[in-house]
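**Student:** Sequence order for the protein chains is A and B.
Residues 317 to 587 in my numbering are what the first sequence lists, from first letter to last.
Residues 135 to 400 in my numbering are what the second sequence lists, from first letter to last.
One or more of the hints may lead you astray.
[As the list claims (entries may be wrong)] Heads up, incomplete: computed chain A residues facing chain B, CB under 10 Å, no partners named:
1) Ala347
2) Leu524
3) His526
4) Ile527
5) Trp530
6) Leu531
7) Gly569
Hints in this document: simulated from the structure, not taken from any laboratory.
This one's a predicted model, so the numbers in the text were calculated from it and none came from an experiment.
Beta carbons are placed, not taken as given, at the ideal position from N, Cα and C, and that holds for glycine.
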Amino acid sequence: MRPLYLTFNVYFAFVRKSFQRRMQYRVANLAGLTTNFFFLLVHIFVYTAFYAASTEPQPLNLNEIITYFVLCQVSFMLMPFWGARSEVTQAIKDGSVALQLTKPVDFHAYWFADECGRACYFLLMRGCPTFLISILFFEVTIPQQFTVFMAFAASMVLAIFMSAAIMITIFSSAFWTLDTAGISGMSGSVIMLFSGMLVPIALWPEWLAHIAEWLPFAGLIDVPFSIYLGKTTGGAILTAIGKQMMWCIIFLGLGRFFLSRGFSRLVIQGG
Amino acid sequence: MHHLSLYLHFVKLRIRSQMEYRFSFVFDLFSQASIAVIDFFMIALLFNRFKELAGWRLWEVGFLYGMIGVCFAVAEMVGRGFDVFQNSVVRGDFDTILIRPLGTFFQVFSQDFLLRRVGRFSQAFVILLIANSQLTISWSFVKVGYLLVSLVSGTSFFIGLFVIGATSCFWTIQSIEIINIFTNGGVFMGSYPFSIYRRWFRHFFTFIVPLACVNYFPALFLMEKVVPSGVSTLGVYLAPFAGFLFLGITMLFWRWGVLHYQSTGH
Chain A
317 MRPLYLTFNV YFAFVRKSFQ RRMQYRVANL AGLTTNFFFL LVHIFVYTAF
367 YAASTEPQPL NLNEIITYFV LCQVSFMLMP FWGARSEVTQ AIKDGSVALQ
417 LTKPVDFHAY WFADECGRAC YFLLMRGCPT FLISILFFEV TIPQQFTVFM
467 AFAASMVLAI FMSAAIMITI FSSAFWTLDT AGISGMSGSV IMLFSGMLVP
517 IALWPEWLAH IAEWLPFAGL IDVPFSIYLG KTTGGAILTA IGKQMMWCII
567 FLGLGRFFLS RGFSRLVIQG G
Chain B
135 MHHLSLYLHF VKLRIRSQME YRFSFVFDLF SQASIAVIDF FMIALLFNRF
185 KELAGWRLWE VGFLYGMIGV CFAVAEMVGR GFDVFQNSVV RGDFDTILIR
235 PLGTFFQVFS QDFLLRRVGR FSQAFVILLI ANSQLTISWS FVKVGYLLVS
285 LVSGTSFFIG LFVIGATSCF WTIQSIEIIN IFTNGGVFMG SYPFSIYRRW
335 FRHFFTFIVP LACVNYFPAL FLMEKVVPSG VSTLGVYLAP FAGFLFLGIT
385 MLFWRWGVLH YQSTGH
């Protein structure tokens, strides 16, 4: 058994490698940024028009809505909406995953580290620019209290961990179906809906919001952003973060279980 | 005629090969459908809260949504060859296409046929039908013809976008991601009435990328909604033809692009 800090170093190296690998695609990133802004702009147009026609007070005012969607675009690429990434499923399909099996590492931890590196990259190269430019162009609310900001940061980190854990759970299905396009699409759309990415849960009818409360996916988007906007306060913040933690652990366990089952039934195609 | 029978033959082959992964195929069919349902469900949810959007009611927007959805689904189904064309350039497979005794455009066009988009198509089509039953559109012979032309034109428009993406590969090898703004983004923004957008935005998506011409203006005409000031009635009648024009221009662009092709080698 290696000492724990050495083990940690190994996985930290995977995080770094994953980050560096993505740094190669700078032009693609610029294109992605443009796409983020386009969708943000259309969202803002749509909601501005909706709010202009309505006289009743809404749970979120227009500024808060705009802030919410800015945050959505900031974290869009960190979220498991895309389902299984093609490089992993391709590795399972063409059998090159066998090479990974020869590495003396824990695969779940390895892929988790890879996902974390990816999240760091998109947070820094996609999220930060999106946020900074948005501040210039739109009226974005910024939390005034330091504690709110800290709670948001903690909740956001948990959201990223949960996203990574969900992603691994999804792509481990490739061991059974080989082609994951279907499962990715389906899970992606359900997760996107119940995370609050499409419409903030505060605007949903009560019965639907109640369903979302019992599902884990609000923890990805709606929970951290509600903390940011000051809609979740006091003890409710602790409950919300506790729930995120619980779901995080459940998905990590689920992913580990699927992966170990998957590897035990793996048939390498070709050679 | 020879081309048509050849095309149908190719399509048959593509479908057969896609049926090999049957479980995934069925799953994907449902996922496509569920994405569309969720998409529209969210729009309905907003209307439930806000009642109307710039003078448009839910099912009027549903009509817009259905139209653009149908066009995009068909375009993805038949235009798939251009959508994934970058693989041919990256691997150098385009060399093979060049030496075959058939036009390059036709060959790439017939290279793929994505049957699973039937899921997305049927969802959009059902929403279009429901919207039609909720609205009282007085259908006439002219209107039905106009709708069909608009749908084909909208499909041509999206295929044109795929062609631009594919043609850019001759220079950049990998497809330019920006095209996603116009394809997926186009579906998204086309689902809402154009009047909610800013002027420069509207102009761009009417005169340069003619999205409004294949969706918003035809919907105005079919539902007999008041044409916004500054838009001529004749313009609304002729609008759907912009989609064909757009595809034509992109085909010329393709021709020019092929001349610049340099093989990545084998």
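**Student:** Does the structure break any of the earlier hints, and which numbers would those be?
**Tutor:** 3, 4, 5, 6, 7
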